[in-house]
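Asker: These protein sequence lines map, in sequence, to chains A and B.
All residue numbers for the first sequence refer to my numbering, where the first residue is 1 and numbers rise by one.
All residue numbers for the second sequence refer to my numbering, where the first residue is 291 and numbers rise by one.
These are calculated hints, taken from the structure and not from any lab test.
All of these numbers come straight from a predicted model, not from anything done at the bench.
Be aware that a few hints might be false.
List of simulated lysine-lysine pairs, DSBU-like, C-alpha gap at most 30 Å [stated by the list, open to error]:
{"no.": "1", "chain 1": "B", "residue 1": "519", "chain 2": "A", "residue 2": "68"}
{"no.": "2", "chain 1": "A", "residue 1": "240", "chain 2": "B", "residue 2": "519"}
{"no.": "3", "chain 1": "B", "residue 1": "328", "chain 2": "B", "residue 2": "519"}
Covered stretches of chain B (chain A as the covering partner; in silico rule of three or more C-beta atoms under 8 Å from a C-beta of chain A) [what the hints assert, rightly or not]:
{"no.": "4", "stretch": "293-301"}
{"no.": "5", "stretch": "344-357"}
{"no.": "6", "stretch": "360-368"}
{"no.": "7", "stretch": "404-410"}
{"no.": "8", "stretch": "479-489"}
{"no.": "9", "stretch": "502-511"}
{"no.": "10", "stretch": "543-549"}
Glycine included, every Cβ here is placed at the ideal spot set by N, Cα and C.
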Amino acid sequence: MYDNRLAYLYTMPAVLVMALFIVYPFIYNVVISFSNMNLSHFRNWDYVGFKNYLLVIFSDDFWYYLFKTILWTVLNLVAHVGIGVFLALLLHEDIKGKTFFRTLLILPWAVPQYITALTWRGMFNSEYGSINLLLGHFFGIQVPWLSTEWGAFTACLITNIWLGFPFMMIIALGGLQSIPANLYEAADIDGASRFQKFRNITLPLLKPVMVPAITLGVIWTFNNFNVIWLVSNGGEPSDKTHILVSWVYEAGLNYFRMGYAAAFSMIIFIILLMFSWRFIRHTRATESVY
Amino acid sequence: MKRNFYRIFSYIILSLFSLFAIYPVLNVFSISLRPGDKLLTKSLAIIPENWTFDSYINLFVKEPFLLWLMNSLIVSIAVTIFAVALASTAGYAFSRYKFRGRDSAMIGLIATQMFPVTMLLLPLFVMLIKIGAYDSYLGLIIAYSATALPFVIWQMKGYYDTIPFSLEEAAYIDGAGQVFTFYKIILPLALPALAITALFSFMTAWSEYLVAAVLLQDQTLYTLPIGLKSFTSNMDVAWGLYSAGAIVVSLPVVVLFIALSRWLISGLTLGSVKG
């Protein structure tokens, strides 16, 4: 009863576009990663085997930026999930003005990412940016945000926390709404405390909803080019403020070390693939309904 | 007593985070209203002294903002139409049919989400230099559609999965063909998911900076993100212009996003993160 020809017809346009603009560049990237392509060997490149991969793995840059990327991802996710779930719990209660608060709180998600990044860069300006003005006004301190290594990192972090928590909040809110109310009623009869209800009902039932969202969040944050690049204006000060993906961009498209950058991209991809392999295998995306 | 305490605590926390969420927006708005000679001020007032719409007027009259707007609209609308057409059909096939290569294709779609942006950008860049095909919208439109597609196909498939197959069976018994059933019965039911797909693909194109910055060199082809970024290279004089532009560019998508957020929530929880 399944007309397979129709299935191919339905998928073909999408598959063609993706083959041309995802699969083909991907294969080409693999080819470049085994070559010595750079500015002086742009057209007359040769295969150099695994040289680029070894170059990446034995460079200090790689381990330094890997450390920063992991730190960046962990701090962001802790903040996103922590703030998101916390606010979702508050919004799930029976309070007045729920829609009003929810609308304000998803605002950061709705603003285009590059505008968020450029705007926060302006706000972190050490002399006229509103953050230092506020800090000076209330606490009498000035922070050299964008001119120091960890100041710039923190600035990127705050920006990304701002734009990322609404996603987790909305997912958690959806999860909370799907928990049957009678579970809480039963717990009330048993005299469970607020904390016990949270620990034994809310948390376990929220987990299956949050795990896929967190996996996606890790992947997106690990590869978040825009915030790092635009807030730090391309890695300032002196190429210190990078995560792996922005460093690859710098190496490949600004310094034109194409072979090196292509191998670097592959390594990032492999890291993420290993991280999320369990998630991919267990996802229901590949299950058909019938 | 205890209940009241929780309630007040909730309101305080929600208000604080709402303030955190809205402050950058107020800040941009405030800068966009500043008169040209007061751009660099140490005042924290939201409505500046001698506020004026000069920045907005200059944006449209003196700067090529309208041109960028048109360029971005052309690209974004094309991407939206393209992505909705391709994802609505492909998602349906992935949801309803068993065919060779289906499972590996679905896994492939998820794997693309792990690509660092350079994975496709670098080869694309090298290819374009070699064939000399810089500066065209077509490349941009197809590149955006291709990057948006995996996610929206996945999310369309998730939504179709929630529509019971008995609907199709009933239609087939009444003698409807497969194509007719899809277009006349299933597709209208998938309207919320189509809205999300449209919004997501529109926003992908409307807000994309990096690919456009690499592919477009000709200033007359600039899209909004590259145009607005160009203001920030000398913040001293163009901070007001940037802020006015940021407000004009964000306003429609923010309104759209919030208006559709009800659908968005159900779409996301049903589609991509089906527990």
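Asker: It remains to establish, for every hint, whether it holds in the given structure.
Answerer: Going down the list of hints, with the structure as the test:
Pair hint residue 519 of chain B plus residue 68 of chain A holds up; C-alpha atoms about 26 Å apart against a cutoff of 30 Å. Distance hint between residue 240 of chain A and residue 519 of chain B is fulfilled; the C-alpha atoms sit about 22 Å from each other, no more than 30 Å. Restraint check: the Cα-Cα separation between residue 328 of chain B and residue 519 of chain B comes to about 21 Å, which is no more than 30 Å; the hinted pair holds. Counting residues of the stretch 293-301 of chain B whose beta carbon lies closer than 8 Å to any beta carbon of chain A gives 4, which meets the minimum of three for the stated coverage.
Coverage of the stretch 344-357 of chain B by chain A is violated in this model, with 0 residues showing a Cβ closer than 8 Å to a Cβ of that chain against a need of three. Using a Cβ-Cβ cut-off of 8 Å, 0 residues of the stretch 360-368 of chain B lie near chain A, which falls short of the minimum of three, so the contact claim is violated. Note: the stretch 404-410 of chain B has 7 residues with beta-carbon separation from chain A under 8 Å; the three-residue rule is met and the coverage holds. Only residues whose beta carbon comes within less than 8 Å of a beta carbon in chain A count, and the stretch 479-489 of chain B has 0; fewer than three means the coverage is violated.
Judged by the Cβ-Cβ criterion of 8 Å, the stretch 502-511 of chain B is not covered by chain A as claimed, because only 1 of its residues qualify and three are needed. Residue count for the stretch 543-549 of chain B with a Cβ under 8 Å from a Cβ of chain A: 4. That meets the three needed, and the coverage hint holds.
Violated hints, in rising order: 5, 6, 8 and 9; the structure is consistent with all others.
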